[in-house]
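Protein chains: 2
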Amino acid sequence: MSKKEPRKNTAPPEETLDPRDWGPIRELGHRMLDDMMDYLETVRERPAWVSMPDEVERKLKEPLPLEPQGEEAAYRDFRERVLPYPIGNIHPRFWGWVQGTGSALDMLSEMLAAGMNPNAAGFRQASTFVELQVLDWLREMLGYPEGASGILVSGGSVANMVGLAVARNSRAGFDLRRAGLHGGPGLTLYASSETHSSVQRSVELMGLGSEALRLIPAREDLTLDLQALEAAIREDRSAGLRPITVIGHAGTVNSGAVDDLEALADLCHREELWLHVDGAFGALAWLSPELRPRLRGMERADSLAFDLHKWMYLPYEVGCTLVRDAEAHRKAFALMPSYLSRMEAGVACIPPLFSDYGMELSRGFRALKVWMALKARGVRRYARLIEQNVAQAAYLTEKIRESPRLELAAPAPLNIVCFRVAFPNLPLAESNDRNRCILEEIQEQGIAVPSTTVLDGRLCIRVAITNHRTTRSDLDLLVREVERLGRSKP
Amino acid sequence: MSKKEPRKNTAPPEETLDPRDWGPIRELGHRMLDDMMDYLETVRERPAWVSMPDEVERKLKEPLPLEPQGEEAAYRDFRERVLPYPIGNIHPRFWGWVQGTGSALDMLSEMLAAGMNPNAAGFRQASTFVELQVLDWLREMLGYPEGASGILVSGGSVANMVGLAVARNSRAGFDLRRAGLHGGPGLTLYASSETHSSVQRSVELMGLGSEALRLIPAREDLTLDLQALEAAIREDRSAGLRPITVIGHAGTVNSGAVDDLEALADLCHREELWLHVDGAFGALAWLSPELRPRLRGMERADSLAFDLHKWMYLPYEVGCTLVRDAEAHRKAFALMPSYLSRMEAGVACIPPLFSDYGMELSRGFRALKVWMALKARGVRRYARLIEQNVAQAAYLTEKIRESPRLELAAPAPLNIVCFRVAFPNLPLAESNDRNRCILEEIQEQGIAVPSTTVLDGRLCIRVAITNHRTTRSDLDLLVREVERLGRSKP
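In order, the protein sequences belong to chains A and B.
Numbering follows numbering that gives the first Met the number 0, in which position 212 of the first sequence is assigned residue number 211; successive positions increment by one, without gaps.
Numbering follows numbering that gives the first Met the number 0, in which position 169 of the second sequence is assigned residue number 168; successive positions increment by one, without gaps.
A couple of the hints might just be wrong.
Said to hold, decoys possible - Derived contacts from chain B toward chain A, CB cut-off under 10 Å, selection only:
#1 W136
#2 G185
#3 R233
#4 A238
What the hints assert, rightly or not - Covered stretches of chain A (chain B as the covering partner; in silico rule of three or more C-beta atoms under 8 Å from a C-beta of chain B):
#5 180 to 193
#6 233 to 247
#7 341 to 348
The hints are simulated quantities; they were obtained by calculation from the structure and are not laboratory data.
Glycine included, C-beta positions come from ideal geometry on N, C-alpha and C.
Here chain A stands alone, though its shape is the one from the complex (with noise of 0.2 Å):
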C-alpha cells in the first residue's frame, strides 16, 4: 500500500468482543449466578454421581463451530449437557481420591479474578502484593520460617517438581541447569514405597529416570522404613552415586500415612540430603494445634509441596511449594531475557518475577481466592473443619470395627479410611472382585464416591475426606450401604 494513502478511511470498521449493548450479557450472567446459587445450594439432595447417558455423550460431539451459536445457546447446551453429570467432588459424599469441594465464596473469588484477568507474572500491579501476601500467609501457617521462599503453581504434582527440581539443581555438585545431568555422577532420591505418581513422573521428566528413584518398601503401618533408607543411602554412596534428597510424606495418598519426618529431618541433616516434603493433603492439618504434633518435623523439610484445592476446599488450581533456602529456590529458576528487562519505573519497575521460582511465566490470579477465602473465614475455621474431617474418618473407622462384615486394611492415622467386605471363604482374587463390585454400585447407584485402591494385594474402598459437607450421618448411610450390598449375591 502507498504511503500516501490513509489506511483510516480504507480499513474495514473494527469490532471486538465487548457487546455494544451490555444488558444481555449481564442479565445472562445474574441468571447464571443464580442457577449456580441453587446448584450449590441443594447439592445434597442430588445423587453423589450420575453417570452420563450414552446420548448426552453424543449431544457433547459437534462439528467444530464455525459460525456463532450465540452465548444463550452456549449457556442452554452447559446446563443440560454439562452441569449436570460432574465427577461429584462437591457432594457431601465424595470422598474419591483426594478432591476438594469448593463452596460459593469461592466460586466468586474466581469470578472476579477472571473478570480483572491480570497476568500474575509479578510486576507492579495489585495481584503481585496479594500473591506475596498469600505465600507469606501459607508461610506462617505451616510454621516455615521467614525468609523462606514460595510459589503458587497448578497442584501437588507441580510443586513436588519445583521443590523436587529445587533439591536436585542445589545438591548436585556442579552446574546442572548448565551443563545437564551428564556433567557429574548419578544423582539418586529415596521415598517410602507409598509415595505419590507424581514424584516418579517428575524424576522422569527432570531426566534422572525412574531407577534412580529408590522406593524403600514401607513398614507395616506404610510409613517410611528408615533402617532401609539408611543402608539404601551407603549402598549408592558406595557404587559411586550421590544420593540428594529424600522425600518425606505427611499424609500419603493410599491411607494418609505419615513419615517420622521428626528423624527424617535429623537422617537429611546428618546425610546432608536435602528433605522435601509432599504434603499434598496432609501438610494442612498443621492448622490445629490438636493434628499439629502428628506432623513434627514437617517444620524442618528443605521444601514442602501442598495443596489448597485439597483439605483447604478451594476451587482446582492452586497449590504450593514453600522452600527454606530462597537464593536456592531462585537460582534453579530464575532468567532474564532481553524482553523482561526490569524498568526504572513503569509496570516493569519490580521485582519479583514469579517465574524465577517456577515453570510458568503468564500466570492466571489464583492467589485471589485464598486471600479472599483466608480474610473472610480465618485460619481458625479451616483447622475445624480439618479436625472435624479426622474425627469423621476416627468415627467412621469405629464404625467399621464394630461391623462384623467390614474390616479395615490399613491403619487410619488422619482422614483416609481403607476398608473391605470381609469374605472370609472366598480366595483373594474373588473377594477383590466382590469389593469391587460394591465400591461400583455405590457409585453407579450415586450413593456415595468412595475410590479404590489396592494394599499388599487386597483390594480396598477408600475413604478420603477433604470435604466440608460431610457429616457422620453420611458415612453411617455409607457404612449401612456396603453392608448390604455385601449381604447381597454377586
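Once you've looked at the hints, dock chain B against the given chain A.
Same frame as chain A, but now just chain B:
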C-alpha cells in the same frame, strides 16, 4: 473411646463452609457481578495503567487472619485495594509482552467452572467429554491430522515443556524414563537465538543442560538460519552427540518472526529429528485463511505448543500442546498407580486420564471457557479479530514509517511492532536511555502499556497486539504521545 459409647452424641455439632442462609452470599454475588460488568464496560474510560500508591501497598500487608473478617469485608478490601490496580491487560491500549484480554462471557465461564469445580483429571464426567471435544476442535482449527493427541495446560511454558519432553523421550534412542539421561549419549536441541526463555527453562528442568540447547544466531529477519542449523547438527553428530529436536517458531516473542516452517519440516524429516513448534501466540493466525500461508509447514510439526489466553483473548490460564504421534505422547507420561485403577463401572470406568499426557493429575476445568467461547462466537469471529490485530500492526508500522522522528527496529511480519524514537546525534547508550524513559512515561502517565526489548543492542518500544479492544485510533494516540515525549527534554 469404648465401642459402647455411641460417638454421635458426644461429638460437637458439625459445621460447613456453606451458609445456613444463602440470601446474603447470593446478594453479594449479584453485587460483585454488577461491579465487574461495570468494570469491564468502562475499561476504556480508565488509564491504561495506574501505579499502586505505597499506602495501598502497605494496607495489603496484613497479619495472618486467624479469625474471620467476613465476606463483605474481604470484598470491600478487594474493591479498594486490588481491583483499581491491575497490570492493565484488559485495557484497549495494553500491548505489553504478549497478554490476553478476557471478556464478560469468559469471566462467566470461569464462574461456572469454579462453581461446578470438577477435578478434570479424566474419569466419567462431563468435563472429560468437553475437554476431549475442545482438543479435537483445536486440532482441526490448527490443521493437525485426526488421531493426533493433545493436552490443555496452564500456558505456553508448560506447553513447550510437554512437547519437548515427548521429543526427548521418543528420540533419545534408549529407555530414558527408566534409565535417565545417564543411560545414553548427550542429546542436543536447536533453536534460533530468538527463542523464548521458556524453552531454555524446559531444557534445564529436563536435565539436558542449557548447553545442549544450540542457539543458532538468527538471520537479519530474526528467523532461524537453516544453513547454520544444518552445520551445527553435523558438527554435533560428528562429536558423538545425538541431535533430537529442532524448535521452530510461529511468531517469536521479540518481533513475531515466523521461521520457515516448511523448510524446517523438510530438514527434520531428512535428519530424523523431532520438529517442535512454539506457536505461543502466532499459531492462532492459522485460523485466518488470509494469514495461514505465513505459517505453512506448521501443520507438519511433531508437536505444537500454543496459548489460548493470548490470541484467543481467553482469561488465564489456558494453553495447549498437540502431538502428532499420540502413542509417543502417552509413552512419555503414562503411569498407573493402584489408587487410579480403572474400574468396569462407576466414576473410574473410562479412559482417559489426562495425566497420561502431561504433568498434572488434579486439573481444573479450563476446557469450559474454550468450549463456551467457540460455541458462542464461532471460529470465524476469532479469525477476523486476529486479522484485525495484524492489520493494526501493519497500520502502526506504516505510521512509524511516515513519522520523521520514529524508526522501525525490526520487521513486523505479524502483530508485534518494535520501534524507537530516533536520536541520530546521540550515542547508542544515551538513545537507549531516552527510549526507556519515554516508554516509562507512556506507562506512568497511563497512556498505554507497550513493553521493551533489546534488538541488536538497541532498546526498542515493543507493541504486541493481542487485544480485541484495540482500535486504530488507540495506535494513533500512542504514536502522537511517543512523538511528543521524544521532543521533550529528558
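Structure-based check of each hint:
no., hint, in the structure
1, W136, "5 Å, holds"
2, G185, "5 Å, holds"
3, R233, "21 Å, violated"
4, A238, "13 Å, violated"
5, 180 to 193, "holds (count 4)"
6, 233 to 247, "violated (count 0)"
7, 341 to 348, "holds (count 7)"
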